[in-house]
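A.B. asks: Read top to bottom, the protein sequences are chains A and B. Under the working numbering, the first sequence has 336 at position 336, and the numbering climbs by one with no breaks. Under the working numbering, the second sequence has 97 at position 97, and the numbering climbs by one with no breaks.
Hint data in this document are derived by calculation from the structure and do not stem from the laboratory. Just so you know, even glycine gets a beta-carbon here, dropped at the ideal spot from N, CA and C. It is possible that some hints are incorrect.
[Said to hold, decoys possible] Short, incomplete list of chain B residues facing chain A, as computed with Cβ under 10 Å:
{"id": "1", "residue": "Ile29"}
{"id": "2", "residue": "Phe53"}
{"id": "3", "residue": "Ala56"}
{"id": "4", "residue": "Val61"}
{"id": "5", "residue": "Ile74"}
[Stated by the list, open to error] Here are the simulated lysine-lysine pairs, BS3-like style, with alpha carbons at most 27 Å apart:
{"id": "6", "chain 1": "A", "residue 1": "Lys33", "chain 2": "A", "residue 2": "Lys65"}
{"id": "7", "chain 1": "A", "residue 1": "Lys331", "chain 2": "B", "residue 2": "Lys164"}
{"id": "8", "chain 1": "A", "residue 1": "Lys75", "chain 2": "A", "residue 2": "Lys65"}
{"id": "9", "chain 1": "A", "residue 1": "Lys9", "chain 2": "A", "residue 2": "Lys33"}
{"id": "10", "chain 1": "A", "residue 1": "Lys330", "chain 2": "B", "residue 2": "Lys164"}
{"id": "11", "chain 1": "A", "residue 1": "Lys75", "chain 2": "A", "residue 2": "Lys61"}
[Unchecked claim] The following residues of chain B were derived to be distant from chain A, with all beta-carbon distances above 12 Å:
{"id": "12", "residue": "Val23"}
{"id": "13", "residue": "Tyr62"}
{"id": "14", "residue": "Ala63"}
{"id": "15", "residue": "Met67"}
{"id": "16", "residue": "Lys87"}
{"id": "17", "residue": "Asn88"}
{"id": "18", "residue": "Leu90"}
{"id": "19", "residue": "Val97"}
{"id": "20", "residue": "Lys112"}
{"id": "21", "residue": "Glu146"}
{"id": "22", "residue": "Ala155"}
{"id": "23", "residue": "Gly158"}
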Amino acid sequence: MDLIEFSIKTATIFVVFVLTLLIAMYSTWAERKVAGFIQDRMGPNRAGPGGLLQPLADAGKMFFKEDFIPALANKWLFIAGPCLAMLTALLASAVIPFGSTFRFDGHEVNLQGVESNIGILYVFGVVALGVYGIMVGGWASNNKFSLLGAIRAASQNISYEVAMGLSLIAILMMSSSLSLGEIVSQQHGGNWNIFYQPLGFIIFITCSFAECNRVPFDLPECETELVGGYHTEYGSMKLGFYLFAEYINMFVSSAIISVLYFGGYNYPGMDWVYTQLTDALGTQTGHNVATLIGTAVFFGKTLFFIFFYMWVRWTIPRFRYDQLMNLGWKKLIPLAIFNIIITGAAVLFLKPVITAWLN
Amino acid sequence: MNSSVSFFYFLSFLTILSAVMVVVSRNPIHSVLYLILTFFSLSGHYILLNAQFLAAVNIIVYAGAIMVLFLFVIMFLNMKQDQEETKNNLTKIAAAVVGGTVFVILFGAYRKSVIPAFNPDQFDSQIGMIESLGNLLFRDYLLPFELASILLLVAMVGAVMLGKREIGERHF
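All chains should be modelled from the sequences, with the hints used to inform the complete structure.
C.D. replies: Pasting the structure below:
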């Protein structure tokens with residue numbers, strides 16, 4: 001019994017891991033396709049049909065390049081930098097609920113790596129650690145531009161973490177739970193948090209753009225001021241790890257956005273579909289098929305947000321660094337605090353009135 | 001030996017080893033990284049004690065925020081290994097005396113302290129969970145909690161005041 005549960009858990013975590021890597025890999029392809037579409041050109045179309053083998057070709061190229069370590073760099077920390085970036089990026093997907101449960105032989109399997117009662121805090125902690133990969137790598141390169149780029153990236157990350165945490169608090173006040181599974185199941189039946197928290201959502205998505213170092217906040221990398229930013233000295237697969245970690249972060253933050261604000265695997269008409277399927281296919285198969293549809297919906301939402309990241313990247317010009325800091329500290333944080341107060345007042349005074357009126 | 005006990009010994013070994021390395025390593029950046037490792041193994045201890053909230057907050061606040069600022073400062077100081085200032089013998093003796101005294105005090109306190117026995121059957125394993133922690137903080141310890149937050153606010157205002165550019169000061 002224990003062994004079965006252990007192997008189920010191991011298999012789930014392995015699947016989550018592989019899925020994260022796969023989606024991040026094809027995000028690099030999708031980024032170029034979207035860029036091509038927006039700029040009215042083809043994008044990659046040589047490797048495989050529609051350029052589908054392009055990510056593999058890129059990985060092969062990265063592996064065969066010279067693995068160079070600068071003479072005066074701190075060797076171990078230079079290697080540890082990209083490893084840390086990759087590690088912290090991959091850690092976060094463990095607590096994301098990809099779907100409801102899967103039933104077979106009397107086992108009920110959660111489509112989630114770890115169901116934890118502090119899920120959202122775990123994600124937040126892992127995001128907070130994402131800074132180390134960049135800082136350690138940037139410092140170990142022993143290069144002024146790398147160091148300045150690392151400092152920029154790190155100060156941007158820790159500034160926007162504050163506003164992000166504050167915008168999350170409004171969600172937590174409504175759900176009164178820190179568990180991601182619980183937050184998703186509370187949004188069942190069209191009760192998506194986006195309808196209650198539009199302001200919080202805007203703050204959250206802005207902060208996640210800044211956390212992922214994406215345009216319009218991709219200040220750490222800047223040819224005119226900082227050469228390549230924190231990865232100036234990197235090449236080969238170490239650079240690949242840094243770039244890949246960015247795409248993993250994008251996937252994880254899109255998944256978190258769809259879990260927190262767009263109901264995760266919930267979709268309108270879910271209960272009707274569930275009863276139809278269980279009537280037609282029996283409780284077990286019907287339940288599993290319904291779960292798979294929910295998971296597909298979840299991935300649809302997540303992929304839409306990944307697309308949104310790319311859309312914004314090829315549409316909006318970037319900020320200046322002082323504008324970035326002013327936006328973070330002087331606009332988003334007061335707005336987030338205002339949002340908390342509004343939410344608190346609404347939960348205290350408005351909610352009883354509305355529930356009394358509806359009943 | 002059951003698995004949680006072996007986990008405990010492994011984590012304790014890791015904690016003490018990294019804490020010693022913080023003091024021993026010559027490069028300040030390595031010291032900071034070992035300190036982060038120490039915080040991680042402390043969080044592991046919290047998880048073993050079923051206090052997940054404390055573990056997560058420890059990582060977010062200490063490893064995620066405070067140590068990043070430590071790293072910032074040390075990176076900007078640009079310390080090289082060969083520039084280490086030499087300390088004379090008097091400093092070394094004084095440091096040894098102070099450190100030894102602290103060690104003796106800690107050891108004495110450890111000898112005198114009585115560890116209260118607990119009943120494993122009646123022990124509430126959910127006591128470290130966030131719900132019970134919240135109930136405790138916002139009911140029984142509300143006043144100390146609010147006072148602590150006022151203290152933090154005062155510290156924050158002070159930091160802003162110190163960091164503010166005064167009129168007429170050079171604009172960098």
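A.B. asks: Each hint needs a verdict: does it hold in this structure or not?
C.D. replies: Evaluation of the provided hints:
1. Given the 10 Å rule on beta carbons, the hint for isoleucine 29 of chain B holds: about 6 Å separates it from the nearest Cβ of chain A.
2. Because the beta carbon of phenylalanine 53 of chain B sits about 6 Å from the nearest beta carbon in chain A, less than 10 Å, this interface hint is met.
3. Interface restraint check: alanine 56 of chain B against chain A, minimum CB-CB distance 4 Å, threshold 10 Å, status holds.
4. With its C-beta approaching chain A no nearer than about 9 Å, valine 61 of chain B sits inside the 10 Å limit, and its interface hint holds.
5. About 9 Å separates the beta-carbon of isoleucine 74 of chain B from the nearest beta-carbon of chain A, less than 10 Å, and the hint is met.
6. The hinted pair formed by lysine 33 of chain A and lysine 65 of chain A meets the criterion: a straight-line CA distance of about 25 Å does not exceed 27 Å.
7. Distance restraint check for lysine 331 of chain A and lysine 164 of chain B: the Cα-Cα separation of roughly 19 Å lies within the 27 Å cut-off, and the hinted pair is therefore satisfied.
8. With a CA separation close to 18 Å, the supplied pair lysine 75 of chain A and lysine 65 of chain A stays within the 27 Å bound.
9. At roughly 36 Å between alpha-carbon atoms, lysine 9 of chain A and lysine 33 of chain A are farther apart than 27 Å, so this suggested pair is violated.
10. Restraint check for lysine 330 of chain A and lysine 164 of chain B: satisfied, since their Cα atoms lie roughly 15 Å apart, inside the 27 Å limit.
11. Straight-line distance between C-alpha atoms of lysine 75 of chain A and lysine 61 of chain A comes to about 23 Å, which keeps the hinted pair within the 27 Å bound.
12. The beta carbon of valine 23 of chain B sits about 19 Å from the closest Cβ of chain A, which is more than 12 Å, so the claim that it is off the interface holds.
13. Consistency note on tyrosine 62 of chain B: stated as away from chain A, yet its beta-carbon is not over 12 Å from all of that chain's, at 10 Å minimum.
14. Not every beta carbon of chain A lies more than 12 Å from that of alanine 63 of chain B, the smallest distance being close to 6 Å; the non-interface claim is violated.
15. Its beta-carbon lying about 8 Å from the closest one in chain A, methionine 67 of chain B breaks the requirement of being farther than 12 Å from that chain.
16. Lysine 87 of chain B, annotated as away from the interface, keeps every beta carbon of chain A farther than 12 Å; the closest lies near 25 Å.
17. Listed as outside the interface, asparagine 88 of chain B is consistent with that label: its C-beta sits roughly 30 Å from the nearest C-beta of chain A, beyond the 12 Å cut-off.
18. Here leucine 90 of chain B stays apart from chain A, with its beta-carbon at least about 33 Å from theirs, past the 12 Å limit.
19. Interface exclusion of valine 97 of chain B from chain A stands, the closest Cβ pair being 35 Å apart, more than 12 Å.
20. With a minimum CB-CB distance of about 36 Å to chain A, lysine 112 of chain B clears the 12 Å threshold, and the non-interface call stands.
21. In this structure glutamate 146 of chain B is separated from chain A by more than 12 Å, as the shortest Cβ-Cβ distance comes to about 16 Å.
22. Every C-beta of chain A lies more than 12 Å from that of alanine 155 of chain B, the closest at about 16 Å, which supports listing it as non-interface.
23. Even its closest Cβ contact with chain A, about 17 Å, leaves glycine 158 of chain B beyond 12 Å, as expected for a residue assigned away from the interface.
The structure fails to meet hints 9, 13, 14, 15 from the earlier list, while all remaining hints are met.
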